[in-house]
Amino acid sequence: MFAISLREFKSLFQSIRAIIIIIVLFGVTAGSAKLVSQFKSELSRLGLGDNAYIIGLMLLLFLAAPLFVTSISHSSVNKEMESKTIRFLATKTSRENIIFGKFLGNMSFWVVCLTVALLLIIPFSKSFYFVDLIQSIIFVSYFIGLSLFLSTLVNNSSMTMFSGIVISIALPVIGMWSLLSKNVIVDTISYLTPYFYYTNENTSYTYLVLIHTAAFVILSLIIFKRRDL
Amino acid sequence: MLALRATNLTKQYGSKIVVNNLNLEIKKGSIFGFLGQNGAGKSTFINMITGLIRPTSGSFEILGATSDSLKDVRTRIGVLPDYSTFYENFTALDHLKYFSKVLGLKLTTDELKEVLRDVQLEDAMNTKTKNYSFGMKKKLGIAQALINKPDILFLDEPTSGVDANSILGIHTLIRKVANEGTTIFLTSHNLDEVEKLCTEIAIMNKGTIQTRGTMDELRKQHQKSITVYVKHGMINNEVQHKVENDLSKTMRVLGVSSTHSEFIVQNERDIPELNKYLVSQNMSVYRLEVEEASLEEIFLNLGVERTA
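These protein sequences, in sequence, are chains P and L.
The first sequence begins at 0 in numbering that gives the first Met the number 0 and counts up one residue at a time.
The second sequence begins at 0 in numbering that gives the first Met the number 0 and counts up one residue at a time.
No wet-lab data here; the hints were simulated from the structure.
Everything numeric in this text was worked out from a predicted model, so none of it was measured.
Calculated Cβ distances over 12 Å to all of chain P for the following chain L residues:
#	residue
1	Ala163
2	Pro271
3	Ser283
Stretch-level coverage of chain L by chain P, calculated; a stretch enters the list once three of its residues show a Cβ under 8 Å from a Cβ in chain P:
#	stretch
4	49 to 57
5	77 to 85
6	95 to 102
The C-beta atom is built at its ideal place from N, Cα and C for all residues, glycine as well.
Chain P extracted, bound-state conformation:
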């Protein structure tokens, strides 16, 4: 499992798309933190305090994390099924190890990226936002789980790219819409998105998103175990 996750982790850093995402992520985080540091006293008066430093990162994650994650992780399983490299893995280790390895590899990539992004804020804020790091990791884990699920469910990697983009646009829209709407359907769907939990006043709700992540991973495993490779 760890060999698979390490390979997945390394290969993510080698893709052009991932490099662009890292640059955007670090650029926006550091840029916004620098901007905020210039209005420190004003923000303090508004009661935003130190959390203002991570506004850029959080806003970026809220709006673009689905797109970021699905664009680089949409084909983690089906690409190997298309190329048949999965056959070498499946004859050497269990399918559980393949799915968990892929998930862990993707998670590790984002844990490193988000940690570094938050480290970039330290020169401005003089503190490390550990709780925010955990919450942003949980938020991203939802989309990693979703991408893994799509990649296992749909055989064609072009199709998962397309469906990933559609979902990446739809989910934030539904999430934000549900904040303003009283529509029962939109409200119900919003429970399935992380936005409902992340816009709730009670921040401990954010940890419930992990249930979604676990559900996606378990569903991926069930599907993958039934697949002929």
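Using the hints, position chain L against chain P.
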């Protein structure tokens, strides 16, 4: 001791039955050849046994593990799947390092290089596989199947697309691995290869095993005729005609000349009778050679089209 046992193994895609209630037992240490035309179900059978595809029904045991506990013996199995590609930006050595880690093995680079040397890939071990020929990829496929020194090795078409020199190398390697105690399960379209290498052979047709046994057993079961070549002392035209006339009543006479003759008999029991008749005609029989049926003839006698 059995290395593999399949019981009523079936694979069905929609209404198409690819493997049909297949029963098979393979002894430990044997080189088992699996033959059949394209679509006979050979690769599907291997894919089921190695966990790549799920059987529709039936069960199997491999090295004592059932289909449900296959993960317990995975490190003791080597597989060259029928169709697979490699990570394009990995070298051969990168692949073996990665696969050995996936298997949970702690092999040194020297040990992995040794495996690549065995498949004659040592000169290209640091070349990215996107630059490999089909034959080189096949060799790397064999190498990755050998890194764990498996107790049972499945080779699906190991020499297809490989040059003649390399084929000889692969045959030597297969014999070496078998001599070390590994059970080998081999499918091939190359009938000569199967005949030369395998201790036991099964011929599959339309999802079932049509016949199986050692080469001698298959000949006994399916050889329809035996060609007998006789080198004898000089005989004149008169004797030649008499021999031809007399023997053509009981067997097919391919030719009778002054110093050698050729006949086709139906079974082994006719050979001593033939010899007795020739001696009775005062012919000095110097040499009597029997041409046994090749696997190809048996294959054709069974009515299985050779598609390779």
